[in-house]
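S.K.: In case you want the letters, here they are:
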Amino acid sequence: MPPRRTNIQNKIKLLREQNGFTQQDLAEKVSVSRQTIISLESGRYNPSIFLAYHIARVFNLTIEDVFLFEEKNKE
Amino acid sequence: MNIRKHLKGQLLFAFASMVIGVIALVIFILLALNGTVRGNIFVYTGTVAIGFLLGGILLVVDYFITSRNPSRKKRIEKQMELNNEERKIFLRTKSGNEAFGFSLWLVMGLWGLSTLVNTSLNTIFPFLLGFMFLSYLVSMVVNTQKY
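Line by line, the protein sequences are chains V and S.
Position 3 of the first sequence, counting from 1, maps to 3 under this note's numbering, and the rest follow consecutively.
Count along the second sequence from 1, then add 1000; that gives the number in this note's numbering.
It is possible that some hints are incorrect.
Pairs of lysine-lysine, DSBU-like flavour, derived with a Cα cap of 30 Å [what the hints assert, rightly or not]: (1) S:Lys1146 / S:Lys1094; (2) S:Lys1088 / S:Lys1078; (3) V:Lys13 / S:Lys1005; (4) S:Lys1073 / V:Lys11; (5) V:Lys29 / S:Lys1073; (6) V:Lys29 / V:Lys11; (7) V:Lys13 / S:Lys1008.
Now the in silico label distances, taken between C-beta atoms and shown as ranges [said to hold, decoys possible]: (8) S:Asn1083 / V:Gly20: 48 to 58 Å; (9) S:Val1019 / V:Ile49: 12 to 22 Å; (10) S:Asp1062 / V:Gly20: 50 to 60 Å; (11) S:Met1132 / V:Tyr53: 34 to 44 Å; (12) S:Leu1121 / V:Ile63: 34 to 44 Å; (13) S:Met1108 / V:Gly20: 19 to 29 Å; (14) V:Ile63 / S:Val1138: 10 to 20 Å; (15) S:Val1043 / V:Ile49: 47 to 57 Å; (16) V:Ile8 / S:Val1061: 27 to 37 Å; (17) S:Met1080 / V:Ile49: 18 to 28 Å; (18) S:Pro1126 / V:Tyr53: 18 to 28 Å.
None of these hints come from the bench; they were simulated from the model.
Beta carbons are placed, not taken as given, at the ideal position from N, Cα and C, and that holds for glycine.
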């Protein structure tokens, strides 16, 4: 089986704006810094399963609804 | 870690610093009384005495200010929580590993160089310490931008 690389995209910014939260609001709700939210929204940082779960819970959604996993076969 | 535990730890650290400072001060005074007012040991003990005593006293003052100020306590507690968030732990770990890697290569290089030019490593160590700190700082800045 060829090795697979997983890319993670997320809808945090979209969901945050839909719910009327600022980055600071969301950061306080999940007990992280605003810089972490910025990094997550820009896709530079991938969260742990715990943080992903907490973020999904803030929006009353599942992890799969917030984070989009794309599997790519490594060429 | 809660704020009470943190403050208790700070006070213990302050007392330990002051004890080291006092020991260094006693050695410094004994050296001065013996007339040994020159040399590395005199400068070293003097610097340690001033640094540790001053640091310890400042930490004790900070302890009393913080323990009487609830809003300051809350701010420190929040800061402690944010310092232990997963991204910061990730950044610290990654930067530490990178700095260690760079330093390892530098140590190997300097060791080879000191053998070639027949120089004592003692002259190179202060530079190495500075490099380790600097490479950690640079790695931290780069990784903070990257992640």
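S.K.: Is it true that the CA of V:Lys13 sits at most 30 Å from the CA of S:Lys1008?
M.R.: Distance ~41 Å between V:Lys13 and S:Lys1008 Cα, so the pair is violated.
S.K.: Quickly compare the C-alpha distance for S:Lys1146 and S:Lys1094 to 30 Å and report which way the hint goes.
M.R.: holds, 12 Å
S.K.: Against the 30 Å threshold, does the CA-CA distance of S:Lys1088 and S:Lys1078 hold or violate the hint?
M.R.: The hint holds at about 14 Å.
S.K.: For V:Lys13 and S:Lys1005, compute the direct alpha-carbon distance and say whether it is at most 30 Å.
M.R.: Outside the cut-off at roughly 37 Å; violated.
S.K.: Between S:Leu1121 and V:Ile63, does the C-beta distance stay in 34 to 44 Å?
M.R.: violated, 53 Å
S.K.: Regarding S:Val1019 and V:Ile49, is the given constraint of 12 to 22 Å on their beta-carbon distance met?
M.R.: Violated, since S:Val1019 and V:Ile49 (Cβ atoms, about 45 Å apart) do not stay within the stated range.
S.K.: For S:Asn1083 and V:Gly20, compare the CB-CB distance with the range 48 to 58 Å and indicate the outcome.
M.R.: violated, 29 Å
S.K.: Assuming the hint says 18 to 28 Å, is it satisfied by the Cβ distance from S:Met1080 to V:Ile49 or not?
M.R.: Once the Cβ atoms are compared, 23 Å apart, the range 18 to 28 Å for V:Ile49 and S:Met1080 holds.
S.K.: Using the C-beta atoms of S:Met1108 and V:Gly20, is the stated range 19 to 29 Å upheld?
M.R.: violated, 56 Å
S.K.: Does V:Lys11 lie within 30 Å of S:Lys1073 when you go C-alpha to C-alpha?
M.R.: violated, 36 Å
S.K.: Can you confirm whether the C-alpha distance between V:Lys29 and S:Lys1073 stays at or below 30 Å?
M.R.: holds, 20 Å
S.K.: Could you see if the CB distance from V:Ile63 to S:Val1138 stays within 10 to 20 Å?
M.R.: Once the Cβ atoms are compared, 35 Å apart, the range 10 to 20 Å for S:Val1138 and V:Ile63 is violated.
Hints 3, 4, 7, 8, 9, 10, 12, 13, 14, 16 and 18, counting from the list given before, are not met by this structure.
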